[in-house]
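Peer 1: The primary structure of each chain is shown beneath.
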Amino acid sequence: MGQQIVNGLFLGSIYALFALGYTLVFGVLDILNLAHQAVFMICAYAALVLVVHLHMPMFVAFPAAVLLGGILGMGVDRIAFRPLRGRSDSNIAGLISSIALATILEAVVSQIFGPDVERFPLGSVPTRTLHIGDAVVSELQIVIIAIAAAMLLGLTWLLRRTRLGRRIRAVAESPKAARVLGVDVDWIISASFFVSSALGAAAGILFGLAFNNVAPDMGRSVELKGLAVIVLGGMGSMPGAALAGLALGLLEVFTVAFIGSSYRDAVAFGVLFLVLVLRPRGLLGSAALREA
Amino acid sequence: MSLESLQDIWLTYQSTVAFIGLNGLLALSVYTTLSCGQLSLAQAGFMAIGAYASTILTFHTGLPFAVNLAVATLLPALVAIPLGLPVLRLKGVFLAIATIGFGEVVRLFFVNLDFTNGALGLTAVPQRTSMWMIYAALGAALFVLWRIRGSRTGHALEAIREDEPAARTMGIDAARYKLAMLALGASFAGLAGALEAHYTYMVSPSTYSFSRVVDMLVYAVVGGTGVFYGPVVGATFLTALPEVLREVSSRIGLAPGPVRLFVNGLVLLLVILFLPEGISSLPRRVRGALQARRRARAS
Numbered sequence: 001m002g003q004q005i006v007n008g009l010f011l012g013s014i015y016a017l018f019a020l021g022y023t024l025v026f027g028v029l030d031i032l033n034l035a036h037q038a039v040f041m042i043c044a045y046a047a048l049v050l051v052v053h054l055h056m057p058m059f060v061a062f063p064a065a066v067l068l069g070g071i072l073g074m075g076v077d078r079i080a081f082r083p084l085r086g087r088s089d090s091n092i093a094g095l096i097s098s099i100a101l102a103t104i105l106e107a108v109v110s111q112i113f114g115p116d117v118e119r120f121p122l123g124s125v126p127t128r129t130l131h132i133g134d135a136v137v138s139e140l141q142i143v144i145i146a147i148a149a150a151m152l153l154g155l156t157w158l159l160r161r162t163r164l165g166r167r168i169r170a171v172a173e174s175p176k177a178a179r180v181l182g183v184d185v186d187w188i189i190s191a192s193f194f195v196s197s198a199l200g201a202a203a204g205i206l207f208g209l210a211f212n213n214v215a216p217d218m219g220r221s222v223e224l225k226g227l228a229v230i231v232l233g234g235m236g237s238m239p240g241a242a243l244a245g246l247a248l249g250l251l252e253v254f255t256v257a258f259i260g261s262s263y264r265d266a267v268a269f270g271v272l273f274l275v276l277v278l279r280p281r282g283l284l285g286s287a288a289l290r291e292a
Numbered sequence: 001m002s003l004e005s006l007q008d009i010w011l012t013y014q015s016t017v018a019f020i021g022l023n024g025l026l027a028l029s030v031y032t033t034l035s036c037g038q039l040s041l042a043q044a045g046f047m048a049i050g051a052y053a054s055t056i057l058t059f060h061t062g063l064p065f066a067v068n069l070a071v072a073t074l075l076p077a078l079v080a081i082p083l084g085l086p087v088l089r090l091k092g093v094f095l096a097i098a099t100i101g102f103g104e105v106v107r108l109f110f111v112n113l114d115f116t117n118g119a120l121g122l123t124a125v126p127q128r129t130s131m132w133m134i135y136a137a138l139g140a141a142l143f144v145l146w147r148i149r150g151s152r153t154g155h156a157l158e159a160i161r162e163d164e165p166a167a168r169t170m171g172i173d174a175a176r177y178k179l180a181m182l183a184l185g186a187s188f189a190g191l192a193g194a195l196e197a198h199y200t201y202m203v204s205p206s207t208y209s210f211s212r213v214v215d216m217l218v219y220a221v222v223g224g225t226g227v228f229y230g231p232v233v234g235a236t237f238l239t240a241l242p243e244v245l246r247e248v249s250s251r252i253g254l255a256p257g258p259v260r261l262f263v264n265g266l267v268l269l270l271v272i273l274f275l276p277e278g279i280s281s282l283p284r285r286v287r288g289a290l291q292a293r294r295r296a297r298a299s
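Protein chains in written order, with my numbering: chain A, 1 to 292; chain B, 1 to 299.
Don't read these hints as lab results, they were simulated from the structure.
Quick reminder that beta carbons are idealized off the backbone N, C-alpha and C, glycines included.
There may be inaccurate statements among the hints.
[Unchecked claim] The calculated label-pair distances, taken between Cβ atoms and stated as ranges, are:
#1 B:Glu247 / A:Val52: 28 to 38 Å
#2 A:Thr129 / B:Glu247: 45 to 55 Å
#3 A:Ser262 / B:Ala66: 33 to 43 Å
#4 A:Thr129 / B:Ile81: 46 to 56 Å
#5 B:Leu282 / A:Asp186: 28 to 38 Å
#6 B:Gln127 / A:Arg128: 51 to 61 Å
#7 B:Ala255 / A:Arg179: 42 to 52 Å
#8 B:Leu63 / A:Ala257: 22 to 32 Å
#9 B:Ala255 / A:Gly133: 48 to 58 Å
#10 A:Ala135 / B:Phe115: 35 to 45 Å
#11 B:Phe109 / A:Arg128: 53 to 63 Å
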């Protein structure tokens with residue numbers, strides 16, 4: 001039981017990180033960025049290359065790959081979203097252009113690395129295990145949960161306490177009003193993409209480490225789960241996404257333990273579907289957002 | 001050219017021609033719901049329902065193929081109605097997400113269904129689909145959509161797409177039209193699924209994943225969703241393209257899979273950025289540009 005809870009929190013904290021990035025951009029732009037999963041995947045590869053080929057230690061490679069993710073996110077905004085801004089159907093058009101960009105990025109990665117799974121070398125991550133109660137916890141799991149929690153707190157601080165965070169919230173509230181008040185809206189959107197993609201990148205690296213599995217299509221299933229998480233948490237709600245990420249992680253682990261591993265994914269989508277039908281605003285979402 | 005070499009060409013490209021028809025039908029199924037402004041991504045789920053229903057009938061009953069196809073066409077529509085009642089109240093991105101959820105649930109249902117061999121699916125499905133059936137189905141779908149355009153229903157759909165509250169104010173029962181279009185699109189997808197299963201000898205859940213819906217959406221958007229034949233243009237272009245690319249990529253020594261993905265993504269990106277009405281609007285645009293230039297020269 002204790003073991004299941006630890007495993008669930010561990011998986012859930014990765015989902016939460018991924019979904020936070022997703023929901024941040026949705027909150028600001030009312031647009032789903034389906035290229036988020038490509039950034040997630042590419043940064044897992046970036047960390048792998050830094051560790052394996054450039055022999056960097058993990059604690060250097062991780063921030064470097066996260067930074068790359070942020071920059072990549074700004075590129076995604078420039079290519080797939082900015083040209084469409086102001087078009088009447090920019091919601092669906094943005095969805096499609098981000099799918100297109102994700103396809104391109106995935107193709108480039110599979111061309112370079114091939115379709116096979118890559119692994120981090122032995123010893124690049126801590127492998128010792130600890131016993132807490134009746135649960136066996138690896139150091140890696142603790143590190144991952146700690147990094148996720150730290151990034152979550154950092155994001156909350158950024159949004160609540162800094163000038164940038166205030167502006168991001170202003171643009172999310174109303175781009176027009178923010179522009180009138182002298183906020184450079186395009187720049188703020190760019191910055192939101194940076195933060196969002198950095199979170200996605202961190203999730204990707206941690207996911208790659210956690211399952212020691214980096215592949216060109218690793219982002220796909222996480223992408224759909226991320227959708228479930230942000231809908232469950234309430235679109236655009238940060239605490240909602242974090243909470244729902246943990247909830248989904250726990251739910252999946254318990255499904256595997258008590259029902260069977262083949263139903264694991266069905267649970268996520270069953271929940272997603274029910275939430276949309278019964279309570280479309282999600283756990284912590286505001287009703288006004290639903291009109292988007 | 002001799003008769004034999006023509007025959008060789010036909011044998012080489014036969015399956016491409018078949019897939020142009022099937023993909024055209026699938027693109028039309030996405031277009032049908034899109035024609036009243038609703039983005040439904042449940043299409044692969046409907047396709048799976050049609051494919052599995054018809055295959056199970058083929059294996060376990062002696063019914064004629066026409067009956068199987070009819071079931072594969074009607075069953076998804078029957079599923080679409082109870083699905084649509086709650087789901088179609090959602091708008092835009094939320095509808096897209098809910099329908100993604102539905103599609104995945106259908107796929108995972110078949111993954112867990114032992115009766116149809118779970119994740120492996122059923123193989124050695126007898127080939128009962130012939131080329132004319134695929135194109136008859138595509139023709140029928142195009143005919144239905146052509147008849148709708150310009151009719152009372154067509155105008156209602158256009159009104160809903162442009163401004164739903166305004167359409168409702170005019171007395172248009174938007175909910176009913178949206179539901180009808182979802183059901184019609186579902187039956188196109190189901191029919192295509194049944195035809196494909198009996199053409200490729202197999203059904204398996206992995207065929208009906210999220211990326212399959214993305215493919216359908218890409219065909220529709222690249223072809224253009226402003227006119228009813230646009231999606232078929234897009235499907236034709238993007239299904240024939242890999243055949244050309246296979247030649248090219250083998251010459252420059254790149255793996256064909258990633259090249260195909262890359263070009264698909266690139267084409268989609270360029271179309272959505274620079275040609276929002278799709279490649280089927282290209283002739284009109286070129287004509288417009290030429291006329292403008294002629295006028296400028298005359299003045």
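Peer 1: Please name the hints from earlier in the document that this structure breaks, with their numbers sorted from lowest to highest.
Peer 2: 8, 11
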